[in-house]
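Q: Here is how the chains run, residue by residue.
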Amino acid sequence: MSEMRFFIDPIRCIGCKSCMQACSECATHKGKPMIHLEYMERGNSTQTVPMVCMHCENPTCAAVCPADAIKRTEDQVVQSSLKERCIGCKNCVMACPFGVPRYYPEMDQMLKCDMCYDRTSQGLKPMCATVCPSEALFYGTLEEFQSRRKGTPINTFDFGMQEIKTRVFLVAPDGYVNLSMDVMHHLDGRFEDGAYDHLDPFSHLEAMPMSGGLL
Amino acid sequence: MAKVPLTREEMVDLYGPTLHYTPAGGFKTIEEYDRLVATHCCFCGQQCGINLKVKDNAVVGFEPRTDFPFNKGKLCPKGVKRYLQGSHPDRLMYPMKRTEKGYERISWDQALEETVSKIKEIQAKYGRDSFAMLSGVSLTTEKSYLVGKFARLALQTANLDYNGRLCMVSAGAGNKKAYGIDRASNHWEDITKAKVIFVIGTNIAECFPITTDYVWRARDNGAKLIYADPRMVPMARTADLYLPLRPGTDSALLISMLHVIIRDGLTDEKFIAEHTSGFEETREAVKDATPEWAAKITGIPAHQIEKAARWYGEAETGMILHARGLEHQTKGVENVVSCANLALATGKIGREGCGHSTITGQGNGQGGREHGHKCDQLPGNRDITNPEHRQYIADIWGVEESEIPGKGLSAQEILNEIHAGNIKGLLSICFNPLVSLPDANFNREALEKLEHYTVIDFFLSETAQHADIVLPGSLQEEDEGTTTSGEGRVIKINQAITPPGEAKKDWEILLDIAHRLGRGKYFPYQNTKEIFEELRLASRGGTADYSGITWERVEKENGVFWPAPQTTEKGKTAKRSEDLDTHHPGTPRLFEGGKFYHPDGRGHFNAVKWRESGEVVDTEYPIWLTTGRVVSQYLSGTQTRRIGPLVDQYPNPRMEIHPRLALKLNIQDNDWVTVKTRRGQITVRAMVVNTIRPDTVFVPYHWGGKQSINMLTQRALDPVSKIPEFKVSACVVSKATPEEIREGEEAQRLSGKTEKLPVNYGINDRRREFSR
Numbered sequence: 001m002s003e004m005r006f007f008i009d010p011i012r013c014i015g016c017k018s019c020m021q022a023c024s025e026c027a028t029h030k031g032k033p034m035i036h037l038e039y040m041e042r043g044n045s046t047q048t049v050p051m052v053c054m055h056c057e058n059p060t061c062a063a064v065c066p067a068d069a070i071k072r073t074e075d076q077v078v079q080s081s082l083k084e085r086c087i088g089c090k091n092c093v094m095a096c097p098f099g100v101p102r103y104y105p106e107m108d109q110m111l112k113c114d115m116c117y118d119r120t121s122q123g124l125k126p127m128c129a130t131v132c133p134s135e136a137l138f139y140g141t142l143e144e145f146q147s148r149r150k151g152t153p154i155n156t157f158d159f160g161m162q163e164i165k166t167r168v169f170l171v172a173p174d175g176y177v178n179l180s181m182d183v184m185h186h187l188d189g190r191f192e193d194g195a196y197d198h199l200d201p202f203s204h205l206e207a208m209p210m211s212g213g214l215l
Numbered sequence: 001m002a003k004v005p006l007t008r009e010e011m012v013d014l015y016g017p018t019l020h021y022t023p024a025g026g027f028k029t030i031e032e033y034d035r036l037v038a039t040h041c042c043f044c045g046q047q048c049g050i051n052l053k054v055k056d057n058a059v060v061g062f063e064p065r066t067d068f069p070f071n072k073g074k075l076c077p078k079g080v081k082r083y084l085q086g087s088h089p090d091r092l093m094y095p096m097k098r099t100e101k102g103y104e105r106i107s108w109d110q111a112l113e114e115t116v117s118k119i120k121e122i123q124a125k126y127g128r129d130s131f132a133m134l135s136g137v138s139l140t141t142e143k144s145y146l147v148g149k150f151a152r153l154a155l156q157t158a159n160l161d162y163n164g165r166l167c168m169v170s171a172g173a174g175n176k177k178a179y180g181i182d183r184a185s186n187h188w189e190d191i192t193k194a195k196v197i198f199v200i201g202t203n204i205a206e207c208f209p210i211t212t213d214y215v216w217r218a219r220d221n222g223a224k225l226i227y228a229d230p231r232m233v234p235m236a237r238t239a240d241l242y243l244p245l246r247p248g249t250d251s252a253l254l255i256s257m258l259h260v261i262i263r264d265g266l267t268d269e270k271f272i273a274e275h276t277s278g279f280e281e282t283r284e285a286v287k288d289a290t291p292e293w294a295a296k297i298t299g300i301p302a303h304q305i306e307k308a309a310r311w312y313g314e315a316e317t318g319m320i321l322h323a324r325g326l327e328h329q330t331k332g333v334e335n336v337v338s339c340a341n342l343a344l345a346t347g348k349i350g351r352e353g354c355g356h357s358t359i360t361g362q363g364n365g366q367g368g369r370e371h372g373h374k375c376d377q378l379p380g381n382r383d384i385t386n387p388e389h390r391q392y393i394a395d396i397w398g399v400e401e402s403e404i405p406g407k408g409l410s411a412q413e414i415l416n417e418i419h420a421g422n423i424k425g426l427l428s429i430c431f432n433p434l435v436s437l438p439d440a441n442f443n444r445e446a447l448e449k450l451e452h453y454t455v456i457d458f459f460l461s462e463t464a465q466h467a468d469i470v471l472p473g474s475l476q477e478e479d480e481g482t483t484t485s486g487e488g489r490v491i492k493i494n495q496a497i498t499p500p501g502e503a504k505k506d507w508e509i510l511l512d513i514a515h516r517l518g519r520g521k522y523f524p525y526q527n528t529k530e531i532f533e534e535l536r537l538a539s540r541g542g543t544a545d546y547s548g549i550t551w552e553r554v555e556k557e558n559g560v561f562w563p564a565p566q567t568t569e570k571g572k573t574a575k576r577s578e579d580l581d582t583h584h585p586g587t588p589r590l591f592e593g594g595k596f597y598h599p600d601g602r603g604h605f606n607a608v609k610w611r612e613s614g615e616v617v618d619t620e621y622p623i624w625l626t627t628g629r630v631v632s633q634y635l636s637g638t639q640t641r642r643i644g645p646l647v648d649q650y651p652n653p654r655m656e657i658h659p660r661l662a663l664k665l666n667i668q669d670n671d672w673v674t675v676k677t678r679r680g681q682i683t684v685r686a687m688v689v690n691t692i693r694p695d696t697v698f699v700p701y702h703w704g705g706k707q708s709i710n711m712l713t714q715r716a717l718d719p720v721s722k723i724p725e726f727k728v729s730a731c732v733v734s735k736a737t738p739e740e741i742r743e744g745e746e747a748q749r750l751s752g753k754t755e756k757l758p759v760n761y762g763i764n765d766r767r768r769e770f771s772r
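Protein sequences, first through last, are from chains A and B. Letter 198 of the first sequence, counting from 1, is numbered 198 in the working numbering, and no numbers are missing. Letter 236 of the second sequence, counting from 1, is numbered 236 in the working numbering, and no numbers are missing.
Wrong hints could be hidden among the right ones.
Pairs of lysine-lysine residues, derived as DSSO-like cross-links and limited to a Cα-Cα distance of at most 30 Å, are as follows [as the list claims (entries may be wrong)]:
| no. | chain 1 | residue 1 | chain 2 | residue 2 |
| --- | --- | --- | --- | --- |
| 1 | A | Lys150 | B | Lys28 |
| 2 | B | Lys28 | A | Lys90 |
| 3 | A | Lys30 | B | Lys756 |
| 4 | A | Lys150 | B | Lys3 |
| 5 | B | Lys97 | B | Lys120 |
| 6 | B | Lys756 | A | Lys83 |
| 7 | B | Lys570 | B | Lys3 |
| 8 | B | Lys3 | B | Lys97 |
| 9 | B | Lys756 | A | Lys150 |
| 10 | A | Lys150 | B | Lys193 |
| 11 | B | Lys287 | B | Lys595 |
| 12 | B | Lys449 | B | Lys125 |
| 13 | B | Lys753 | A | Lys30 |
I should point out that these hints are in silico values taken from the structure, not numbers from a laboratory.
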């Protein structure tokens, strides 16, 4: 059997946070979700993106950990910090290009998604991908994904000088998608006049008609 | 008379809502459990399969149930956290009586005796119909059937109705007019085979989340998605064509689409000729409904209306899905039959990948409404005014036909009559009209006028706080029975635990009251399965025919689609349920071969002319107000506003407003704003988003007290379905004054209290995560 993969398809995400709620059910998490959901720009869109750990081939979080607290298993799952080693320095939190690890002050420890290691190591799906109503989070083989779904799974990302290959795939729409990320240019663009006008589906409407809703 | 005895603050302190976070026994027990019980979610009409983890007679967690074909393990956040309503600190554990100082614990004997003596007293003084009953469709089908029989034979009142009246009765009435039967036309697998999916007036991502997967599967197969809604809701964001219609204009859009379909020759003439009637009148009615005409009413550009009509008309297969956005109106039935007209005119019904379905908002909205706790229906979807139907049910119940009361008042009409002083007593079960009915201030006044009110529930809801006697009932996991999901699948709810404390199963409470009213002989049941066996007989021959369905079949086949009628002569005439046959395979897809359920076997067109909503905007109230749901809350919030993680996800109601309207009104994101209609006002925070029409604001409805948007909605009813006009009101929005902000903050403070949590639980940290 070919290797099980994890796919994130943000277009399908409906922002329901079912993944986070299910993640928090793991007995070791005690009600805390280890994954999170980002609103891109709630003012302009209902687009949301669920973020699990991307489980990098060469995890930056582990590379910057001064205490060697972050381990990668033989089956390429990057684990949460080891309690006895983690010194709570938050280097990993700042270094991860995907913004995944979280520091929990009450435990003085970094915790993050470990792809439900208790389940996936037993042949089960991760909790978030099991419950996700729209399959924005999907766990299966690459062949299974390609046989039943549209979109292009991508697992190589450029962050400036750094190229990162991940075990988790991000699903881009079909066709060519430029994944080079010029963050500063994007941020500046947000403040230009009319930056989001093209996103307004109601641009042809008056703000407050006074005569029974007629145009 | 029935005024809440304590201040709001004192009531919250005593009875919640308490935000409950920890499973019974603490988080350790999530891994340790005695057994898994395969059952279903207690919330919306999808009725997802779920396994509950049980330890020491308490539900301690969940495990995905991947073997159930509808959801295959998928769940929305409500399903994931549903288990937290068990072992909840607010749970009602013993009967209570209202005193001037609050509620005091009393014995079951006293509680039942006081209820029964009040029923007798009020009915002797004012007549039998002066005592009304209100029921809920969170109940299993067995309980719904029992409530119908109980009200008619034990209370002997005509005035029984149910909270499905606030849900999809417009769809039910419209479906009956068009197709002669009240059910989704097909199982959800048909969605995946459609080439075009037209969704109107339903936020499926937040109200029916698992259904989004069916839509995506269709789109993976090349289907186009057309989405009509005043808000760009999550699925609309991705649609191939988005139609941003103004609230209350659904039928104008639908009529115009039919106009284009007829004009461009996209009708299925053979299907129309062979399987339908009334097309000529409908053709005549839409002849002037050009896209340009509809554009002015709906606010959708004419070319988009043309495109939608052509996509739907030209596609080989197609599906129409709608829900409350279109049905919660004084024109709800007209909107639904307008959808049916599209399906019938193009022959897109009764075959693979085709259909027209309503999305049922409430758990057992489908099964509950079929078997007799609706004011105008008897079991099997029978008409209470039809002498033959009455006689059939009278024979099953062993009474004279004349002993069954006639058609009663609908839910809002019952409240109206209570307010007018004509109905004096009320018994309700799992219904929270103070939050879920429109014009909440009026309804509060009504409840305060009652001479007696007994409530059966498991939490003390906003409405239950007006009760004289409180009888603690059961949660879904504390009893067994069946429900029917939105796609028409009868499924089995299994008992996981027994009711805690002195709480009892709902049906046992009703039986106790019936016995004390001296009507016990009509209620000889030992368990709910016996109720289902009687229901099978009672539904036989009705349109909602469950006679071929057994609990065993439901378990074995993972659900059976009704109707499943009798196939043998023996079954058709049997007097006992043991003699009914179970050969019919069930009916996942209705209307195959163009066979409809009207006596003439045809689908009926219903000509609809456009008319305005009950209230329209003017210079005084210039903005359209519409309401709806958020994914983490369910209906009136009685259950979900008590589950901490769900509350954290969307803690308080907010008003969505477009940036251009916000600019006009000088409102910034997160400002306190006051929304006002002719019925009342509410102060909430604004959420400035360009995903809503600039002439419309939206507020979700799950909250009570001064956070209840239903203080602002109107009691105007659809003339056929009697559903209130929740989705369209005229309002005015302004920046809140300091006094109004104080009220808003006070309302937030009183919306719930947090349970005491372990020190290291990290609650604040988690709350930030969920409410970002």
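Q: For every hint, state whether the structure bears it out.
A: Taking the hints in turn, this is what the structure says about them:
Of the pairs offered as hints, the one joining A:Lys150 and B:Lys28 is violated, with about 41 Å between alpha carbons and a cut-off of 30 Å exceeded. For the hint linking B:Lys28 to A:Lys90, the alpha-carbon distance of about 28 Å falls within 30 Å, and the restraint holds. The suggested pairing of A:Lys30 with B:Lys756 holds, with an alpha-carbon distance near 15 Å, which does not exceed 30 Å. For the hint linking A:Lys150 to B:Lys3, the alpha-carbon distance of about 59 Å lies beyond 30 Å, and the restraint is violated.
Pair hint B:Lys97 plus B:Lys120 holds up; C-alpha atoms about 18 Å apart against a cutoff of 30 Å. For the suggested pair B:Lys756 and A:Lys83, the alpha carbons sit about 26 Å apart, so the restraint of at most 30 Å is met. Distance hint between B:Lys570 and B:Lys3 is unfulfilled; the C-alpha atoms sit about 56 Å from each other, more than 30 Å. As the CA atoms of B:Lys3 and B:Lys97 are separated by approximately 13 Å, the hinted pair is consistent with the 30 Å bound.
With a C-alpha separation of about 47 Å, the suggested pair B:Lys756 and A:Lys150 falls outside the 30 Å cut-off, and the hint is violated. About 16 Å separates the Cα atoms of A:Lys150 and B:Lys193, which keeps this hinted pair within 30 Å; it holds. Taking the CA atoms of B:Lys287 and B:Lys595, the gap is near 28 Å; set against the 30 Å cutoff, the hint holds. Between B:Lys449 and B:Lys125 the alpha-carbon distance is near 16 Å, which keeps this suggested pair within the 30 Å criterion.
Restraint check for B:Lys753 and A:Lys30: the C-alpha separation of about 20 Å stays at or below 30 Å, so the hint holds.
Hints 1, 4, 7 and 9 from the earlier list are contradicted by this structure; the remaining hints agree with it.
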